[in-house]
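**Q** In case you want the letters, here they are:
There are 2 protein chains.
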Amino acid sequence: MISSSVSKRQLERFPIYLGYLKQIARQGEHYISSSTLAKALGLTEEKVRKDLQVVSRRQGKPHRGREISLLIKDLENFLGYLDAENAIIVGVGHLGEAFLNYQGFSKRGLNIVAGFDVDDKKVGYDINDKPIYHIDRLNDLVSQLNISIAILTCPAQVAQKMVDLLTRAGVKGIWNFAPIHLHASDDVVIENVDLSASLAILSYKLETKFKEVK
Amino acid sequence: MISSSVSKRQLERFPIYLGYLKQIARQGEHYISSSTLAKALGLTEEKVRKDLQVVSRRQGKPHRGREISLLIKDLENFLGYLDAENAIIVGVGHLGEAFLNYQGFSKRGLNIVAGFDVDDKKVGYDINDKPIYHIDRLNDLVSQLNISIAILTCPAQVAQKMVDLLTRAGVKGIWNFAPIHLHASDDVVIENVDLSASLAILSYKLETKFKEVK
Chain A
1 MISSSVSKRQ
11 LERFPIYLGY
21 LKQIARQGEH
31 YISSSTLAKA
41 LGLTEEKVRK
51 DLQVVSRRQG
61 KPHRGREISL
71 LIKDLENFLG
81 YLDAENAIIV
91 GVGHLGEAFL
101 NYQGFSKRGL
111 NIVAGFDVDD
121 KKVGYDINDK
131 PIYHIDRLND
141 LVSQLNISIA
151 ILTCPAQVAQ
161 KMVDLLTRAG
171 VKGIWNFAPI
181 HLHASDDVVI
191 ENVDLSASLA
201 ILSYKLETKF
211 KEVK
Chain B
1 MISSSVSKRQ
11 LERFPIYLGY
21 LKQIARQGEH
31 YISSSTLAKA
41 LGLTEEKVRK
51 DLQVVSRRQG
61 KPHRGREISL
71 LIKDLENFLG
81 YLDAENAIIV
91 GVGHLGEAFL
101 NYQGFSKRGL
111 NIVAGFDVDD
121 KKVGYDINDK
131 PIYHIDRLND
141 LVSQLNISIA
151 ILTCPAQVAQ
161 KMVDLLTRAG
171 VKGIWNFAPI
181 HLHASDDVVI
191 ENVDLSASLA
201 ILSYKLETKF
211 KEVK
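Residue numbers (the numbering used here), protein chains in the order written: chain A, 1 to 214; chain B, 1 to 214.
What the hints contain is simulated information worked out from the structure, not anything from laboratory work.
Not one of these hints is a red herring.
No copy is singled out in the list; a pair is fine if it fits within one copy or between any two copies.
Derived SDA-like pairs (lysine to any residue); straight-line CA-CA distance at most 25 Å:
hint, residue 1, residue 2
1, 172, 190
2, 121, 103
3, 22, 204
4, 205, 9
5, 8, 182
6, 205, 76
7, 172, 143
8, 73, 57
9, 22, 205
10, 205, 11
11, 130, 164
12, 8, 33
13, 205, 6
14, 205, 84
Given only the sequences and the hints, what does the whole structure look like? Please build it.
**A** Laid out in structure tokens, this is it:
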């Protein structure tokens, strides 16, 4: 990994570059210039140049630009993949269940090994061969199962309590899907995915769009 | 709605204020100052002041700050809720199925009425009383069912094709969960939720954190 300061905004753009580059690589493209990449993604050329300087020391070739396969490799190296971290689902509602069934995260090194809930109708059963435990057993099982990451899919009202439990149990990272601001100690990293915020933004965009059209 | 220019960053913070204010309102708080709010959410006081000026013309009271219940009302009015828009799920995998089962979005005016897929094992069946149709019927059913929003939970490889189909069929907004950059005409609004990007950010945060600790 190249050490350099990187903003959260930049960090959010890297997977977008990656997705786009993989897409055009599949379509048979071999080289891309910063200006073409900028145009395709609706960014300024300057921004793209700066972003790519963070992830790659390679220079593009005049007239052809950068080799796509190498740029993909550099982006993947920079972003890194989780190092086969074990994860648990906290809150086995619809979203939690979807994650227990989904295989896709294991490609990024995230192995979901179990779920936790308080509901008697769920505790003691398996979903996709992954056991659902009662939340009371969290503290013991986090260390027994060597869990480093918790995916929070519980209701907002209990999310902070879960963060406190998970911190005490020793998880290192929390991927939070509960629509609430959470406090954690410095030992724990939190990444938020706020679906209701995203829906509010879609709603706002639609409304302003609609106003413009009228 | 108060007309004012608002940045995407601001827009993303409003639901966070809302979540936090509702939480402390439940805990019995009645007033909050910009500085307390800033401290609680890890923002600068200046940023909080500016944000709240966008959504509310009311002034806080000296020493007490703003009335929480009124601030909640202003934020909700500003963000708006979808006006009972009908939505469809495009791609009934695990995430699509979770959304068909989830009731929570209807509180924000998003009524999920049907799913679309190509898989014979899904087409013709119901999930949570919502029918799954073959994607071939998209064009007819979007107008018949009065659909304005599509939730894209299909694989990345077919997402752009789906956007083209949906645009032709006349949807106004697309909530995209496929990890890919999509092109759409100016008539269609897209809001992206990129889970693999979010996971990459969590992974990056964990790695840099881990390096600091060593």
